[in-house]
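Q: Residue numbers (this note's numbering), protein chains in the order written: chain A, 1 to 100; chain B, 1001 to 1344; chain C, 2001 to 2166.
Don't read these hints as lab results, they were simulated from the structure.
On a predicted model such as this, the values are computed, not experimentally measured, just so you know.
One thing to keep in mind: the hints can contain errors.
[As the list claims (entries may be wrong)] Reference excerpt, derived from the structure (chain C facing chain B, CB under 8 Å, subset only):
| id | residue |
| --- | --- |
| 1 | F2053 |
| 2 | A2056 |
| 3 | V2060 |
| 4 | A2157 |
Note that the Cβ used here is the ideal one computed from N, Cα and C, for glycine as well.
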Amino acid sequence: MVPLSWYLGLSALLFTIGAVGVFIKRNAITIFLCIELMLNAVNLSFVSLSGFFGDVGGQLFVFIVMTVAAAEAAVGLAIIISIFRNRESLNVDEVDSLKL
Amino acid sequence: MTNLLLEWLIKTIIILLILLTAVAYVTLMERKVMAWIQLRVGPNRVGLGKFRLWGLMQPLADALKMIFKEDIVPIQANYWLYIAAPALSLIPALMTFIVIPYGSTITLFNRTIELHVTRMNVGLLYVLALTSVGVYGIVLAGWSSNNKYSLMGGLRSSAQMISYELALGLSIVCVLLYAGTLDLVDIVNAQNGFHGLAWNVFRYPLLIPVFIIFYIASLAETNRTPFDLPEADSELVAGYHTEYSSMKFVMFQMAEYLNLITASSISTTLFFGGWNGPFVGRAPYLGPVYFMIKVLGLIFLAMWIRYTVPRFRYDQLMRFGWKFLLPAAIVNIIISSTVLLFRP
Amino acid sequence: MQAEKALFIVFAVIAVASALNILLQRNPLYSALSLIGTLLALSALYVMLRGQFIAALQIVVYAGAIMVLFVFVIMLLNQPKDQPQIEKQKGLRYLAIPLAGLMIAEMFYVLRPIHLSTLPADQSVGTTWSIGTALFTDYLLPFEVTSVLILMAVVGAMVLARREGD
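Please model the complete structure; the sequences and the hints are all you need to start from.
A: Put into structure tokens, the structure is as follows:
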């Protein structure tokens, strides 16, 4: 059998890759994709813990994370579309009009 | 263990062979039905030597013709995605057939063989998952061709598939309320009573409007007329496969017809008793025959609709999907669950 | 069982490789396609963990709906390729790599004492039945709140993406 720590290690690795992506990428859509990757990494640890401890709660949490991700994608992409309409660019460094 | 793997392998290969032949002959059937509706003869020349055989060798000739056509990749196209797109639409279309039950059990070479490749307790969700992944082939084909007609076709198809998937899923929920399981084998087995005629549409007449919604939504999912906007030839040349030729074009066509066969098989399984029919309990060999007859009937219905109904306009398509089909599916869920609540 | 470990390694390598590819690609469409690869590999891992329902849901919702939306938006915007990459805080991105190393080291340090390696004998946890029962009894309130959240998201997306004067 595959030990639990392997699944959790994979989850940690994917989460870190997602976090690095949020820091080094400048394209708003790619940053968004990296956030989805981080959510998925957390989902993997939820499902593996739920499987190994025989508790259905972790999988329900994944269900709720998925609906939240769907809502987030809808609103986030709408924001990105309206930013692109106003600025003709998806670079997050250029969206700084709220900065002093 | 090895025996089981071997059995799976043999079943999968047989189903693949049958499916690929079936796809070829469904194209012939489409041309014959079209000719019949339009009072023409249809393809009737290609046979074996002197024997014309009603044009039965036409698919073979078509396949040979398509293979020997020049395979063109536009210079401005995105090479790898352009090549991957046909495979991405064909593979999910082929993968659905492993969960569909084609019959009960038969005995062959002293072995009891179940006439389905595998069963899973989320079988129906598996089918839905593969249909929703199938959209990538079309979208990527549209984008990678670097052609405005292709791109429009791809965008239209993704919007259309997302919109009609909702109605499709909600109409399936109604069936699930009655069946109480997602396993397609169990759903079919539950329709086995009364001399094999206890089909869901006969047992629960409330499912007839649900079937109509499901059928319309599945026509939209498979991009058939009147919902063939992704490839509307009077507006978009040929839609997402404008730039494709030779075998890649054939792969898109095959995926399209396979999706039609899938939609008909799932309709048969959910509403028309799958392989159930008279005397199927005594002669299990009849199961696949009944299944095939029902699927062919539903495919004929789709062709009949194709050559009778004109194409929707894009705004009409969206309005119909969101403002009529989706509410109708929700109303049906409410009615079905209320009936189930008060059933003794 | 060795076969199971081999399967895990195959899917884990696919997941990590496509996740890295998200960062390496410049075109957001390729990044989105790589993320789909990760999602599919994770769904296979969910099946190995007996979460069949969640695995199917992962493909239907994530790969089939959310990512189609992403791809749709990327195609719709179709931004010009030769855009000057303006970066205001150039140094910060080079800090990300050592920080990531630190984070990974920390996480693996935490994971060190975990030695669980057998799934429980009870096979019923990941089935549709068990998830449905739990969702509509113990977790009814979160489920209902989710529906309100989705309604808000729908209205919000409509308002944000609408053109002025529509």
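Q: Next step is simple, just say for each hint if it's right about the structure.
A: Outcome of the hint check:
A distance limit of 8 Å between C-beta atoms decides the matter here; for F2053/C the minimum to chain B is near 6 Å, and the interface restraint holds. Here the hint on A2056/C is kept, as its CB sits about 4 Å from the closest CB of chain B, short of 8 Å. Using the Cβ-Cβ criterion of 8 Å, the hint placing V2060/C at the interface with chain B is satisfied: the shortest such distance is roughly 5 Å. At its closest, the beta carbon of A2157/C sits 13 Å from a beta carbon of chain B; the interface hint therefore is violated under the 8 Å criterion.
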